[in-house]
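Residue numbers (our numbering), protein chains in the order written: chain A, 1 to 299; chain B, 1 to 299.
Honestly, I wouldn't trust all of these hints.
All copies of an identical chain are treated as equivalent in the list; a pair is satisfied when it fits inside any one copy or across any two copies.
The calculated lysine-lysine pairs, modelled on BS3-like cross-linking and capped at a C-alpha distance of 30 Å, are [to be verified]:
(1) Lys179 / Lys159
(2) Lys113 / Lys23
(3) Lys92 / Lys55
(4) Lys163 / Lys246
(5) Lys179 / Lys21
(6) Lys257 / Lys288
(7) Lys163 / Lys248
(8) Lys95 / Lys55
(9) Lys288 / Lys192
(10) Lys162 / Lys257
(11) Lys92 / Lys179
(12) Lys21 / Lys248
(13) Lys159 / Lys113
Simulated from the structure, these hints should not be mistaken for lab results.
There are 2 protein chains.
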Amino acid sequence: MVELVVIGTMALDSIETPFGKVKDAFGGSACYASIAASFFSKPGILSIIGKDFPKEHIKFLQKRGIDTRGITIGDKTFRWQGYYEFDMNEAKTLKTELNSLESYKVEMPEDYKKSKYVFLANIDPELQLDVINSIEKPEIIVMDTMNFWIQHKREQLIKTIKKADVLVLNDGEARQLFKTPNLVRAANEALKLVSKAVIIKKGEHGALLFTDNRHFNAPGYPLENIKDPTGCGDCFGGAFAGYLAKTKDLSESNMRKAVVYGSVIASHNAEGFSIERLQNIGHSDIEKRYNEFRDMREF
Amino acid sequence: MVELVVIGTMALDSIETPFGKVKDAFGGSACYASIAASFFSKPGILSIIGKDFPKEHIKFLQKRGIDTRGITIGDKTFRWQGYYEFDMNEAKTLKTELNSLESYKVEMPEDYKKSKYVFLANIDPELQLDVINSIEKPEIIVMDTMNFWIQHKREQLIKTIKKADVLVLNDGEARQLFKTPNLVRAANEALKLVSKAVIIKKGEHGALLFTDNRHFNAPGYPLENIKDPTGCGDCFGGAFAGYLAKTKDLSESNMRKAVVYGSVIASHNAEGFSIERLQNIGHSDIEKRYNEFRDMREF
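Model the full assembly from the supplied sequences, consistent with the hints where possible.
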């Protein structure tokens, strides 16, 4: 039984950072998010790949308990090529080949529709809306997005956000979407659209959780060796949603814990290229870092 | 008896932000820092002003219990003119008139030399070093600096840092001084120079405290209305040092509290132009916000 439906992209990424490079590596928002979620619950993925997508990656997802029946097989896999400069805060895109993603229509296995938890990782907001409309009785819909959709599909994006319970976006996107440099104002605007909460991811500076009455400020983990930040935002959102699906507790205080688990998985992910680190961490690594997060904010 | 010696600039600032402007307003690193420190202990100021400096400002300092005997009267007061754009993270300098600051020699009242606590606010590192060398038995020397000295007096700056116990600098300065984009690496380099701790201020993103074995990550306060960030870094450092001078406890856990008090005073300061807010807050405002800092960290 799928506990968390995750829609997003599956990609082959070619990435260069000051610390190395990879070509056609396993990536995409749905992959990072579902792997991150799989540390806490059983995700089912909705996405499209091409015939060129290595079977070992699908096997890896399955080995992690991820339901892959919702993956459509198209012609050619979506490819992204980008690089990071020394500050590592922003990915620079060199090339995007949408390929099969361009004509993707969600094909949802019937039993996914009974899932209570949904994570809409970054993908076209119209596809995200299709998923929302197909889930029978969602308990919570968490959604992410990115600057591309804010720029090119603003209206559809807002329409989708209005159906979500928790909006997750990064600081630059929050400023862009709500046309203010002030993150508190952006969050207050966002809270008018969603039913529950807004999370603003700030990379190395941590994450902010805003609900109607409270504010939670999660620290960033002090990483000395960041190799590749690709997918950190997706890992954050996937782990956040996965933890909620596991605990079935949607209180503000439990969302705070979910934010920290999101930060824990994202910080591990940044320490390797592609999904390298996610392949090698286990529950003890996660709990250890969770406790470090506690320690570094005690006063 | 002066409990904390503060050296820095006294200035007349002309500032424009998207939310208003002021001309020849009370400012300077020593003013902000000593006012912030005065909420916790009794500072004595070392600086220079001109004959044009309004007497009411000196009276205000005295009213706050700040010892002003260490203020030298020169010819014309140091003036800074700058502006902030919408993101408010970085001051853009339009004009700097050093005036009397150019030929300033520290004139320290004899009894200041017995002070145990020292805060070296931003000013020429050679003047900071003069102060260090004049204090008989310092318990702790906290020092701040800025990009100008990193660029123009690097060697003298490093020499001064080596005599300090706690270095306070902002994220951009940390990256510039230690030639790395990674703040953890910058902090580790800085820890080789100072005896106790390094604090990296990150504006709205909070502050990081690094000691040899531990890391503290203080949140930024979620301000919806930032009017003028001028002096926030000085307030942070002054309040930090003032709290240590008050509590006489130099443990890592007490430094964490001092960092939060620094953030509390800095966040209040950003809510008004010049020292407007600092004139109007009291202990209950400080404690209230200190508790909010606690609440927004809990998980």
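* **Hints not upheld, ascending by number** => Hints 2, 12 are the ones this structure does not satisfy, whereas the remaining hints hold.
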